[in-house]
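Chemist: Sequence order for the protein chains is Z, C, S and A. Here my numbering is used: the first residue of the first sequence is 1, the next is one more, and so on. Here my numbering is used: the first residue of the second sequence is 1001, the next is one more, and so on. Here my numbering is used: the first residue of the third sequence is 2001, the next is one more, and so on. Here my numbering is used: the first residue of the fourth sequence is 3001, the next is one more, and so on.
Simulated from the structure, these hints should not be mistaken for laboratory data. Careful, some of the hints might be misleading.
[As the list claims (entries may be wrong)] What the simulated footprint calls covered on chain C by chain A, stretch by stretch (three residues with Cβ under 8 Å from a Cβ of chain A suffice, anywhere in the stretch; the number is not a length):
(1) 1166 to 1175
(2) 1186 to 1194
(3) 1220 to 1231
This structure is a prediction, so every number in the text was calculated from the model and none was measured. Cβ atoms here follow ideal geometry from the backbone N, Cα and C, with glycine treated the same way.
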Amino acid sequence: MHWEFVIPGYLIVFGSLATYVVLLLGRIRAMAQRVPENKRSFLE
Amino acid sequence: MGRAGLLADAALIFKKDLRIERSSKVVTVQVLPFAVMTLILFGFGISPDARVLLGSEESRTVLAQVTPGLIFIAVLFSALLALGRSFGVESSDGTLDGLRLAGLDPAGIFLGKAAAVMVQLAMVSAVVTGGAFLLFSVDVGWSPSRAVLLVTTVGAATTGIAAAGTLYGALAAGLRVRDTLVPLLVIPVLAPVLLGAGQAADAALFGAVADGWPWVGALALFALVYVGVGILSFESLLEDA
Amino acid sequence: MTSDGAVVQLTDAVALVGGFPALAGATLTLQSREVVGLRGPNGAGKSTLLRLCAGLVALRRGSGEVLGCDLATRGGRRAVRRSVGLLGHETSLYDDLTVAENIRFWSGAHRADDDDAGAAMDHLGLSGRLADVPVAGLSAGQRRRTAIAVVVARRPRLWLLDEPHAGLDSSGRDLLDRLMLDAAASGATVLVATHDRGRIDDVLTRCVEVEGGMVRESVDG
Amino acid sequence: MSALTNTLVGPSSSKVSRVVGIMAIIATVFMLLLALVWSPPEIDQADAVRLFYVHVPSAVIALYVAFTITLIGSIQYLRKRSVFWDLLAHASTEIGVLFCALVLVTGMLWGKPTWGVYWQWDPRLTSTTVTFVLYTGYLAIRRMDLDPAVRSKRAAILGIVSFANLIIVRYSVEWWRSIHQSATFGLDTQLDDLMLFTVFWAVVTFLLIFTWLLIHRFRLAWFEHQASTSSLDDAIAARRAERSHPPLAGESV
Chain Z
1 MHWEFVIPGY LIVFGSLATY VVLLLGRIRA MAQRVPENKR SFLE
Chain C
1001 MGRAGLLADA ALIFKKDLRI ERSSKVVTVQ VLPFAVMTLI LFGFGISPDA RVLLGSEESR
1061 TVLAQVTPGL IFIAVLFSAL LALGRSFGVE SSDGTLDGLR LAGLDPAGIF LGKAAAVMVQ
1121 LAMVSAVVTG GAFLLFSVDV GWSPSRAVLL VTTVGAATTG IAAAGTLYGA LAAGLRVRDT
1181 LVPLLVIPVL APVLLGAGQA ADAALFGAVA DGWPWVGALA LFALVYVGVG ILSFESLLED
1241 A
Chain S
2001 MTSDGAVVQL TDAVALVGGF PALAGATLTL QSREVVGLRG PNGAGKSTLL RLCAGLVALR
2061 RGSGEVLGCD LATRGGRRAV RRSVGLLGHE TSLYDDLTVA ENIRFWSGAH RADDDDAGAA
2121 MDHLGLSGRL ADVPVAGLSA GQRRRTAIAV VVARRPRLWL LDEPHAGLDS SGRDLLDRLM
2181 LDAAASGATV LVATHDRGRI DDVLTRCVEV EGGMVRESVD G
Chain A
3001 MSALTNTLVG PSSSKVSRVV GIMAIIATVF MLLLALVWSP PEIDQADAVR LFYVHVPSAV
3061 IALYVAFTIT LIGSIQYLRK RSVFWDLLAH ASTEIGVLFC ALVLVTGMLW GKPTWGVYWQ
3121 WDPRLTSTTV TFVLYTGYLA IRRMDLDPAV RSKRAAILGI VSFANLIIVR YSVEWWRSIH
3181 QSATFGLDTQ LDDLMLFTVF WAVVTFLLIF TWLLIHRFRL AWFEHQASTS SLDDAIAARR
3241 AERSHPPLAG ESV
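Can you make the complete structure from the sequences, with help from the hints?
Modeler: Below you can see the structure in the form of structure tokens.
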């Protein structure tokens, strides 16, 4: 019972998280190209 | 700078802001009519003939029933305009730089500006409350204790709104998008004030007076917290480096 | 005060305005009683240099000291502000207040003497009818006179003037030139950004060229 | 596969984040099985109880973990002015706002079958909504075109004040609702051991996901910071090059 609420709920939660991950990795890759190799690491 | 310096600076800014209001009359001839217009719009939006049943016989118009909330919604919206004005006069022509250069105590600037906003808001609240009673035909059995509760509520609420609003106005000072950003920042912060003031005013108008005082206490606590936060943080907010 | 008595001592000063290095290495030394002109094209960094000296802009790199206050520290920047008089492009006046109200407010804010405020108003010809006119109703020149009066009333030790002649008529210019000379004579120092040529050269002790955010030291005026 | 690995890891890999990522994926698979297959429906709510397994951990992450990190980062930034804490606060808030939105969506989806309406003026849902808007304002400040140091400082002050607001909103809303409705809308949820374990496991899973996201969001912020500071030297050089002509000896003005 009530699966019509459960399924969209899980789709929204994990869909949003997955979308965020993809966008985040895309932004990181784009940004990394603008940072020289020697300045990427946080731990110096 | 000692305590005397702080209060002197606060008084200087307070008088300056009220003097600006006295000659420009922005709050008096723009914000005040806006607040009254908001009340009239509530009448348009909420059918004036709709009634709520109070018992088997008694009933009250919906408008009268929700008056406590409507008063403070109107005050809240007016506060946004008043705050915009308060920081508008500082953002033009480099006066904020001038205040920085003068070496005024930042906490004094905060107190002065917040107090000026508070006085203006108290005026708006008085008119809005009176207007709501007239327009929405609120039938209240008046007693001194109810009046005292209502006045205290308005005082505590406007102090809280002015303190928090001044803090957030300074957070957005110098930004081109200040006018749209301040409402976004301030409205969620003031949500508890609306809630508390609505409850307290409801107790003052229709309920048991004793139920209202705890809410007034909460409003006073809110105001106190924000006055404190403002005093502590204004220095680093004004310092742009 | 530094040991050599310099009022302003900047070395390779870098200052950012919204992330942009408006000052990209300014070296400048000003002695007491000097009246120094700042020249340079628009956007050269003159205004930022003045604001840096006033303690309004943070020193990002290099070193800087004004009236003995270290511009690299927040405390130093705050301390220096009270002893300098900055007149920028913006006049720091409240449009809705009258000339007299503005001058009285700013004198009060600076803890200046009331008599000095009155004298400054007299001196700049603002005591008559103009005193009760809201600043919004003033002409550009009158507005500038009011702003100058605010600075004069404070008796700053370092005057930082950003194109102060803009909008002034010839009597106003003469008055301003005399004010700068008087200030220097009484022991203050004046740093003035200006595009003017001619008469002002008699006032200036020397001239400094600003370009590309850098200061070219001391070219004889 | 190597192309996929490259995309996933690419310039943003580190041993720690890779381990966290793999753990998060495994935990998620296990959590989905627990939440949707293995655990039984609840007596009153039937299968709607399964929404709890994403709703509760989202709320834990957003309201207790993420915004607390924002608070700590903001305080530490004001004390030490270190970039690390500033970027951490920013990263944590952004993810917190995302989870806050998920709390609201799952809460409403749970509300429809349980309460019969999507929106009840339930104290938690109401205060979460206000909190969501509150931290959206924080993100708006972070986006302003301001001097970076000024922006960081204002954001830090906002980060601290917002947390105080979160508490004020929370308590005032609860008090407000307690007057009007004595009955709770949550029903008395009967959770057996497997259900409790599922909730526990879901919280662990979401913590792993949050950690992975936080590492990567921080890395992005760090790259952005590095890109902007690396250009300061260049910007100074470019600024100096604006000089139209080199100084000439004996030039007068």
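Chemist: In terms of beta carbon proximity below 8 Å, does the segment 1220 to 1231 of chain C have 3 or more residues touching chain A?
Modeler: holds (count 3)
Chemist: Count the residues of the segment 1186 to 1194 of chain C whose Cβ falls closer than 8 Å to any Cβ of chain A, and tell me whether that reaches three.
Modeler: Answer holds; 5 residues pass the 8 Å Cβ test.
Chemist: Taking a Cβ-to-Cβ distance below 8 Å as contact, does the segment 1166 to 1175 of chain C have at least three residues touching chain A?
Modeler: Coverage by chain A holds for the segment 1166 to 1175 of chain C (5 residues, Cβ < 8 Å).
In summary, this structure violates none of the numbered hints.
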